[in-house]
Every structure is written in C-alpha cells, then in structure tokens.
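Hey, can you work out the whole structure from these sequences and the hints?
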Amino acid sequence: MPEISTAPGPEHSAARFLIRQRSLATPAVLFAILLVISAFHGPHLFTSDGLAGAVIGAAPLVLATLAITIIAVAGPAGVDLSVGPAMTFINIGIVLGLPVLGLSSPLAVFAFAILLGVLLQAAMGTLIAVLRVSTVVVTLAVYLVLDGLNTVILPQPGGTAPDWLANWGSSSSILSPILYVPLAAFVLWTLIACTTFFRNVRLMGANDRTAFVSGVKLIPIRIGAHVICGVFVGIASVMYTGLIGSADPTAGAPYTLSAVTALVIGGASLAGGRARGLGSVLGAIDIWLISYVLSTFNFGLNASYWVQFATGAVLVVALVTGGVLSGLSGTGRWRGAGVTPS
Amino acid sequence: MSMAGSADPRVSARRPTLWASIVEHWSTGMACAVLVALIAFGAATIDGFWSLLNLRSNLVFASFLGIATIGQTLCALIGGLDLSIPFVLGAANVGLVKLMNEGVPSGLGIVIVLVLGGLIGAFNGALSQRLREQSLVVTLGVGNAVLGLVQILVSSSGVSGISGGTIEGKIPKWIEGFSSFNHAIGIAPAVILWVALIVLTILLLRRTWLGRSLYALGGNPTAAERVKVSSRWTWTLVFGASGVTAALTGILLLGYTGSGYAGVGDPYLFTTIAAVLIGGTSLVGGRGGYGLSVLGVLILTVLQTILSGYSLSQAAQEAILGALIIPTVALYARSPHPRMLI
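Protein chains in written order, with numbering that gives the first Met the number 0: chain A, 0 to 341; chain B, 0 to 341.
Derived by calculation from the structure, the hints in this document are not laboratory data. Nothing here was measured: the structure is a model prediction, and the numbers come from that model. C-beta atoms are modelled at their ideal positions from N, C-alpha and C, and glycine is treated no differently. Possibly wrong hints are sitting among the right ones.
[Stated by the list, open to error] Taking beta-carbon pairs under 10 Å as the criterion, some of the chain B residues facing chain A (in silico):
#1 F86
#2 L148
#3 N181
#4 I184
#5 P335
[What the hints assert, rightly or not] Sample of chain B residues with no beta-carbon within 10 Å of chain A, all distances over it, derived:
#6 S154
#7 Y255
#8 G290
[As the list claims (entries may be wrong)] Rough simulated footprint, nothing fancy, chain B against chain A, three-plus residues with beta-carbon under 8 Å:
#9 85-92
#10 142-152
What follows is the structure, encoded as structure tokens:
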C-alpha cells in the first residue's frame, strides 16, 4: 500500500502532495456541489439559526463516522456495524441511568458516556483480537444484542436530558459547545493520528502479516484501536442526546448505515490501512447536506424515499469514483494484502 | 491450538486422518446437535409444540428464510456478503403489487420482478468484484438506492400508490394460496418449492463445475484464476442468483401477508447472515454449504418458536439471537493466526 510511508522523501513535490490528497477529492467535490445547491435552494442554511441547526444536526454523525474510522484503518474488512445501537444504548444510559445516581453535570455525562463507549468497544476489540472472529461478525452480533436490549429497557421514547444538554438542540449560535465539542474531538483525532500507535494500527490494517513479523503486538494494538473508537462513540452519544433532548430506543440504529456510507464517501478503504479523519468528517457533513438539500424540495410524503435513494446512489457513485481515483480497481490484485481473514 | 484446529480443508482434504475428518464434519455435527437439543427442549417445555398447526406454520416461515438464505450462502462461499437482500425483497414485494394494480397479469409480473431482482444482483456482483470485493458497502448502497427508487416510482402515480410504505392491491388467490399453510394439499406449496430448491442448490454446489468453482474462488482466488475460474463472472452470477432468491422471497411474503410493504424484508438482513453463520458456513469463503444453512434456518425457526413460547418480545428475541452468534462462530469459524500464514 503506497500510503503507509509517511516519511518525507525527495519525491515530496506539489504533484505528489495532490496525489496524496486524492482520497479527499470525492467528498470535497460533493461538499462543494451540495453547498452550491443549498445556496440557491435552501439559503436558510447560511443564517445564524440555519448554521447552528446544521452543526448540531450533523455533529452526532460526524463523531460516529470519526469513531468507526479507526476500525476501518485497523482492517481488514473493518466495518463497525454496532455504532448506531451503541449510541442509542449510551443515550438511554445518560437520560435514564445517570439521574438514578444523582449525576447530571457535564463532567459526569461526558465521563459516563466515554467510559461506557470504551467498555463496549474494548469488549468487542478483545473478542475480535483474541478469538480472531471477524469484525463484521462481532459488531453485527453486538448490533443485534444492543438493538434488542434498547427496546427491552425502554419500549417507548421518553425521559428528558439534563437541561444544559437539552438546550444544545435548540441552540441558535454556533459559538457554543455544539461547535467546540466536535472541534475538540477532531483535534484529539489529529493528535492520535500522529502517534506511533496509530502508525502501528495502519500497518496492521494494511497487512497484518507484515505487522506481525515486524514485531507489532497485534492484540493490544487492535484492542487499543477499539478503545479509541469507544471514546468517540461516547462523545457522539452525548451530541446525539443533545440533538434529540430525550431517550429514544430505535432512532439511533440508522446511524450505522449513515456512518458507514459517510466513511466510504470520505475515501476510507475497507480493506484496511487507509482512512482519514478529515475525509470522514467531510463525508459525514455530505450525508447531512444531502438530506438537507432534499428537504428543501417539495417531495411531501416521498421525502424519506428520496433520502434513501440519494444516500444509496451517492454511496455507489463514491465507490466507483473512489476506486477509479485510487487506481485499485483491478481484479483481486491486493487481495493478498488486504482482504485475507484475520 | 494445533494446526488442524484452524480447520483448513485445503490441508485436511489431502490426508484424511481421523482428526481431520472430525474437524471437517465438526460444524455439521454441532449444528445437528444444537437443532436436536432445541427441539427436545421445546417439546418438553412448551404445550402444543408438536401440534400440526405449529409445525406447518413453522415450515412456512422456515421456507421464506430458507429461500432468502440461498443467495446469502452462495455469496458467503465466495467470500462476499449480500446486504441488499432485505431491500430487493421489499422492492419486489411492493413492485409486484404495483405491477398487478396497473393491470399486468400476475404471471408476467412475477417474471418481471424476478428478472429485475437478478439484474440488480448481477450489478452488485460485478461492481463488488471490480472494487476489490467490497461487497458489504456495494450491496448496502445498491440496496438502498433500489428500494428508495422503487418506492418513489410506486408512489408517484395516483390512487393505487403507496402510503407509509404499504401498498394495497388485489392479490390473486393462487399467490395467496402458495404461501398459505392451510392449503388444500395439506402443506404450503412454498415449502415444496423450498425443498426443491434445496435439492437443486446442493446438487449445483456439489456436482457442477460452477458449484465447485465457487469453493475454489472462496478458498483461494489466485489458484482459482489459474484454473480458469473467472472471478468476474462467478461474482456476477452468484450475486445475480442472490437477487433472484431475494425477489422470490418478496413474492412469497406478498402471498402470505396479502398486501405490499416495503419494510417487509427488514428482519431478513440479519437473519440470513445468522442462518449462514449458525449453520457453519464461514463468511471468509470457501467453506460450508447450503445444507448447513438449512440447518441454520431450522435452528433459527425452532429457536424463535421457543422464545415466542416463553412470550419474549421481538426485541428480546433479537438480543438473544445476537448473543448466540459470537460463541457459535468462535466454535468453528475462527481465522488462522497470522503466524500460520507466513
């Protein structure tokens, strides 16, 4: 995989830089197109209210996508299907569980959400790394368990989030926590991406055999990747709770599909080793913008069908253009490196 | 953990020692044992478990799941995953009602729906193969696009349109009778169709060149290409077949419920995968078969009867199903350690 090497070499020219950024081409072009359409068809987006609504509306998906990005990097076939029900589970915990303990301060909510996210992900990471069952199978099973449990615990939507958090959903200014929290999360991601640990995750995702013979300890690295994922799942759950202001047992599950779509639009390779935080953020914003743009047309009762169609179609188009851009659309050429079981 | 513990038939088939043959039939034996235990448990603790009505209705449910699982099994054998099954199933379900409402004869309508299902599947396969076999995201995208589009088309014209995902129409008596367990011949024709398809699929997999090439491709794609197995054609054919069986299940479900509903396929996303996994076909490819998936389907059906017998909610059943997947897969579908692959 060409992108493993991050050491600056003599080939570090402007052209080389652009080639390196090509994975951002699809989400960036899509972003620009959607912004232009919004400018003509839904200028409300560019008001103070509209922007605040956009930020809090997109924030849970942005963070969820960022969370599963490191799982995609850790590969192979690193798709975390559990993220939607996991966010719902933590959402129910924040709204129904924390008040029982008499806690509602921001510190308690964030600590609780992140702890729960980390515990869930660490458990999954341990199963994947130690039992060597594939990521898709484990996260699929956890999807089912949590999705079922959520409805068992809370059959109907209900409860109210702590006041300070519930106010986020109706915020009319972006100069508030709804912007600061995602920004801080992105800074955290960028810092993590600079570490040796992260390079080991990339090496493991690109080729676990090479990583193994290079002395990378696969089990702790994989569990570590899941712990990082858990941190972001926790933050995503707090933003999600702020967005809906209550607890809902089923509304979070679709985040799985949206986040995987955003991840792929953002240029991640599910074969492992290649995914970028910035791409994922752009991809998630694109997904939110698609539904915003579609909501400005008068589709009436058909609106949800159009969103479903557009999301699916954009995913397919992103896959096709992504495959062409990265020049990897050959027949199983990389299979030995990427798609082998682990 | 010995070498044989990684259960690689490519190795064990050459020297059939006692241990190797135990390993080879391990999953079949486990699945049979689980099925027998579940039936015994159900018969001992639930009144009316053996009643004729219960058996007949269970067989109908099993045949729906079983037919949809044919496609998922074939895809799993070549190392793919078809997540478009529930969407194609739902699209076929509402699409056929719409066609018949527009005056298309029911027989012709069924042929059209099956052919379209096959074409969608073939597109899935061809694209997945080209994109380095990332079938999970390809089928997710195509599935959503198809179901969204079909709902837009179905709803766009007038009186006989769709509302809330449901579409009413006159379903011919023979289609309703086909899935009815009160059919005059004593058993639902759908069950007979399933049995015929079981025989056909198993013969196809065991006795034909195409069937063996699925195993070759799933086991070792490079070696398969050396013996002139076309990866592209096989993927296209296999996913095409999956599209046809999904559409067929959609039609059978239409006969059972009596009205079109776009979300009718939702449970089949995870139950088809669960049936494949519980039977013992590995998602990595090359190992397993449809006979095993039939066992998986029967296990799931009996399990659901038992859980309903204990009046557990749908959500609780989902959670238990999820919790069963990881130990099942850990028993007989683990990946080898990278150390074994060097």
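message: Of the numbered hints stated earlier in the document, which are not met by this structure?
response: 3, 4, 6 and 9
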